[in-house]
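Residue numbers (numbering that gives the first Met the number 0), protein chains in the order written: chain R, 0 to 330; chain H, 0 to 885; chain Y, 0 to 187.
Keep in mind that a hint or two might mislead.
Non-contacting residues of chain R with respect to chain H, defined by C-beta distances greater than 10 angstroms in every case (computed) [what the hints assert, rightly or not]:
| id | residue |
| --- | --- |
| 1 | A36 |
| 2 | G57 |
| 3 | T175 |
| 4 | G273 |
| 5 | E286 |
| 6 | R309 |
Restricting the straight-line Cα-Cα distance to at most 20 angstroms, the calculated cross-link-like pairs of lysine to any residue (SDA-like) are [claimed, not checked]:
| id | chain 1 | residue 1 | chain 2 | residue 2 |
| --- | --- | --- | --- | --- |
| 7 | H | K422 | Y | Q63 |
| 8 | H | K748 | R | E85 |
| 9 | H | K447 | Y | H136 |
| 10 | H | K376 | Y | R107 |
| 11 | H | K447 | Y | R134 |
| 12 | H | K447 | Y | A135 |
| 13 | H | K748 | R | E78 |
| 14 | H | K449 | Y | D127 |
| 15 | H | K449 | Y | I130 |
| 16 | H | K50 | R | E85 |
| 17 | H | K447 | Y | R15 |
| 18 | H | K422 | Y | D40 |
| 19 | H | K748 | R | S59 |
| 20 | H | K447 | Y | D119 |
If you are wondering where the hints come from, they were derived from the structure by calculation, not from laboratory data.
The C-beta atom is built at its ideal place from N, Cα and C for all residues, glycine as well.
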Amino acid sequence: MSLLAGPAGPAAASGWGGDQQRVGFFTDTSICIGCKACEVACKEWNRNPVDGDLEILGSSYDNTGALGANTWRHVAFVEQGRERIEAAQESGRKLVGLGMPTVGPRPPRGQTPDGDLSGTDRTPPNTQEFRWLMSSDVCKHCTNAGCLDVCPTGAIFRSEFGSVVVQSDVCNGCGTCVAACPFGVIERRDDGTVSAKVERDEDVPHAGTANKCTLCYDRLVVGEQPACSATCPTQSIRFGEHDELVDSAEDRVRALHEQGMTEARLYGANPKDGVGGTGSVFLLLDEPEVYGLPPDPQVPTKELPQMYARVGIAAAGMLAATALAFLGGRR
Amino acid sequence: MANADCIVIEGSNMAEAHPVGFQWVMEAKKRGARVIHVDPRFTRTSANADKHIPLRSGTDVVLLGGVIRYVLENELWFDEYLKLFTNASTLVSEEYGDPEDLEGLFSGYDEETATYDNSTWAYAGDPERLAQGLPERDETLRDPRTVFQILKRHYARYTPEMVRDTCGISEADFEYLARSITENSGRDRTTCFAYALGWTQHVGGAQMIRTAGVLQLLLGNVGRPGSGIMALRGHATIQGSTDIPTLYHILPGYLPMPKAGEDDFGEYVRQIGKKEQKGFWANADVYAVNLLKAWWGDAATAENDFAFDYLPRLTGAHGTYQTVMRMLEDGVDGYFLFGQNPAVGSANGRMQRLAMSHLKWMVVRDFYMIESATWWKDGPEIETGELRAEDIATEMFYLPAANHTEKAGSFTQTQRMVQWRDKAVEPPGDAQSDLQFAFDLGNRVREKLKNSTDPRDRPILDLTWDYPVDEHGEPDAESVLAEINGRHLTGEKAGQPLSGFAEMKADGSTIGGCWIYSGVYADGVNQARRRTPGQQQDETAAEWGWAWPANRRILYNRASADGEGKPWSERKKLVWWDEEMGRWTGDDVPDFPVTKRPDDPGDPSKGGAGALSGTDAFIMQADGRGWLFAPSGLVDGPLPTHYEAPESTVPNPLYAVQNNPTRVTFQDRNNMQSPGAHSAKGETYPYVFTTYRITEHHTAGGMSRFLPYLSELQPEMYVEVSPQLAGEVGLEPYGWATVISARSAIEAKVLVTERMTPLTIGDRTVHQIGMPFHFGRGSAAIVEGDGANDLIGMMLDANTQIQNSKNNDCAIIPGRRPRGPKLLTLVDEYRRRAGLIPEDEAQVDGALGAPGPGPGHELSPHTMRGPEEATAVPTGEPSMKEMRNR
Amino acid sequence: MARPLFLDWPVLRQLRGADPTGRGTAVMSPTTRSISPRTADADGLAHSVCPYCAVGCAQRVFHQDGRVTQIEGDPDSPVSRGRLCPKGAASEQLVNSPLRQTSVLYRRPHGTDWEELELDTALDMIADRFIEARRAHWQDTDEHGRPLRRAMGIASLGGATIDNEENYLLKKFFTAAGAIQMENQARI
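Full structure from sequences and hints, please.
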């Protein structure tokens, strides 16, 4: 039995049927202005605590650092000189050869486009001396979500929107999900120690439980969009139906490539990747590692059937060995 | 802005200071526009522009003057527009002398007072015709005395090489900028400029804006879609607070405050606008009468010139910096702060706080314990030992203020749009709105003075001061808006609101608190409260809010159509003449007399709107034209001219005159100035620093450093330096540095970044250092830090009395600053090196233009001018310490 | 909260229902199933405008029991289209921050700390001082005998963050009182 989601989408495999459209984000980092409205709107809506030590982190304009229990939107800032820009353009060009969206007519859904950029003018217009990448990171709401799969209590569930949500009234703070997330997103909201539920700090909401982006589940149920996408001044964060957003994202990459910006690429859009594609798709202008994203995230439960099969074989072998041991011993 | 084909953001960091407004720049980009960001730093705006051009702060007149020259040399101006709508063909007085001929000065300069007499800048012509807005012209533009030819001569030396050597901008980048602008101007395309305090906060700032104005007029980029100059103001209702001004020099609607000696009402209004001149300032008497009658009701009659005498008189500039000087001389007893934090936000932080210690009392109205409320116990001067709480006699009243959700009222945003806010909840505890405070203060003072027979108290007692209040004592804000809008007092419409300023009369039968806002309450409907969703409207969205005047969204939009009233192109149509209907119509409210035909010759005998011709698009100007050359209105010259900043170590490459000859400064031990280029000792402060906002914080921190969510985003004060400067000085990334200026020294963390570029200026390298100004030292905020404004001196532009914040000089060394009195020792050490102390060695404010004792003099008669807002004529009042050596 | 019925136990829902792996409908708690945003439960919604910069983004201010519970952008605005920058998005915290000072504070001359003061007393003291300061530095005429009619002992700063109506009344009253040294952020 595989836990992986089928072609009908992740919600369908969780009791919702196939009617609801999956929704999510498309984050186009090429139009992000690094304002961090998303960070604030998210915190404000969810009443998340302040984190951090009120000191400059040492990472350009990023003083938040990373996603965690208290920060569900995080803007990264990366300053790059010409050498790095050219390397990004080159790696982007190579990706096209591997099947990433490129110029020309969009291939039918599900097929990889053929051809490379040989027909395109590869000279970028004035490669800049310098650029400043900005990107707002968020929980990916993976198609195959590690946190969801390993949660022993059922605290984490797949919603009708295809999102992955933690129920803080159910979560017992065991932390298994923290290890299972290939992106390092979900975290327990605590001071690093273990504490029984009765001892938790009542001033901090949901203290001790696992916390992450809920895709503003409480807003979605009344037809409102998530706080971050609603507030993003340039709509770098766009919210909508997943399939439409992925199409949009591919169009956008195509358009950027036509302008010579071959560094543009998508992240999370490939349904064949290690998490089955993500509900939150990104347009990046460099390698994922540059943004602090794992280049090849894998959901840890992917190999579950094979793991169980091996367990089965090992158990059978153990039984056989034990049986042999006893049979031998009686003589 | 979404309709622009090219957007130049200069003197502004729009994506960081106006992020939501910036979505419209991104919209323009989506439609194919080119976006260029000219700024000393590579910012979040630059990251989203097509090109960032770093420039040496304060050299914008050279850069844009260079583009003007490029336009003139290559004949790229919009010829028809130029001839129809600008004063290009106007002849200027024979006595006019240009800086080209006078080594950097204009004609009419008086060294003693450091001011200009602008009579030689006047138009040429018969006095009577000039008064009617009809100067002599040469339509061929060939006469050397035409504005056009003067312009050519004036900018002849602003070559690409000059731009390179002054601004640090390569010839290739200059070419890119000039071509982008010119290729996107004309009938079919428009370019838009956006600026903010990167232009205003300079000595010479008004002239920087003027340079863009000249350029845009040359290219036909005023009054058209996606054109113009977007002034990006920075506070919720700073536009409103200039329209209905809590400012010393003006009254509501930009009427000037009267000056000493202006006791004849007729003369006062005539100075603003003559009856015979063209345009709407000819009705200055109407606007003034309506204001006076609104204020003094029955006590304001035709017989007493509507209580004009009740207005106090100015004797020069009484701006905030002049007032701070007065405070230091014990000339001011009481100081009110209404949501402003000068201990952190005003230039020369030390003098701001020291001045507070001279007051008898202060009233601080705010939400949080801002540094301007707590300076007496936790300000930097307590740490240095200069002040001790026990020694400070200043009585402090902290009054909690209601915030924007706890009171109804209107804000006017940067596009002149007035928006009403509804009240959501009651203010907590003792908090009350400033409306209630103001009304209550007036009531109490009037009550205490009610039996006074002193004629000085009559203006207070005769005020109309009666607004309905609710059960909490809160006045009805809409009733105030209604007074601002105006109403009929007599006749069949008695009591009814005015529909617009056209209904105002000068005979006391109407009142109106602010003529440009007249119409905001038309029909008794709060037009500012209109909220028809944008999705249900066209681009102009005229049914959301209300913009002054008369809900016109683009000013001077008559200029979007040609001489016959047809749009310059289909693509750029905005308003046009409809012959059948006999009126102007289109996508915006026409900013023009709506039935005036395009071929109307104008009737000089009528004056005012009647004298405007069908092509006088610039309806507020006395001659109906856009001014390339400004015969009046700016006190330091009719044409923008480059001068170096007060402390600049770079010799002015263009003229012998180093600094702006009219600049205002204050001689005070705490306001010293680096000798800059006037002495080799200027190299004591070898680097240029500039200050700015960042997205995460707001102004002096009173609304951001007390909020956890914003404080954690940018928790510490920092400076930004280039890797080269860091290497030169020995600064560690994310380590500490101390920045020292002639005023003070502060510490900050260091961000070493390629976003700061050293610039090659002639044969030298100029390093610029950037720093946000949001941080201050106190004890109540969540995050604090040393304040950038402690480094900046009070050196002002003479037009605006605004301080030079954007380029001052400093030294920078690694490590934290000394604590306590040792801080002062460090600052003095550098001053000694710079020859600023002992004081008898000090250079007095540099070369030409050292302001002298400044006797007052009569305002010279002007032949052609609009309203004068801030003629900083210094007085000879002996107790005023400004502009005198101590 | 009612105790879950036996048949409502998640494990039974998992075995019975369409969610055999127990990752969706089967494990939703009653709290989750009845979730709703606080904006839907608010007593009311006031239309306002952001108090920070001058773009003038429209804000929706939700309130409940006399407190502001949520401030977010208003999608109806043609200027902002519902968006807010980080400062505008933090407006609810501006309004509700625990650091907000809501009572009058008074510091007597030479005092080393704040004291409490009744609002009415404070306002009366201020009015008295206003009158006194006005008298103390009053100027009838200048040295040429020209009328000045002004009170140089009073100054004010601020206006860009308070309402048009407030600026109007302040300017009106101060001008009538002769207090000309009024300034605000526009000068800076």
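Outcome of the hint check:
no., hint, in the structure
1, A36, "7 angstroms, violated"
2, G57, "4 angstroms, violated"
3, T175, "29 angstroms, holds"
4, G273, "31 angstroms, holds"
5, E286, "19 angstroms, holds"
6, R309, "47 angstroms, holds"
7, H:K422 to Y:Q63, "13 angstroms, holds"
8, H:K748 to R:E85, "31 angstroms, violated"
9, H:K447 to Y:H136, "19 angstroms, holds"
10, H:K376 to Y:R107, "12 angstroms, holds"
11, H:K447 to Y:R134, "14 angstroms, holds"
12, H:K447 to Y:A135, "17 angstroms, holds"
13, H:K748 to R:E78, "18 angstroms, holds"
14, H:K449 to Y:D127, "14 angstroms, holds"
15, H:K449 to Y:I130, "12 angstroms, holds"
16, H:K50 to R:E85, "17 angstroms, holds"
17, H:K447 to Y:R15, "82 angstroms, violated"
18, H:K422 to Y:D40, "19 angstroms, holds"
19, H:K748 to R:S59, "12 angstroms, holds"
20, H:K447 to Y:D119, "15 angstroms, holds"
Hints 1, 2, 8 and 17, counting from the list given before, are not met by this structure.
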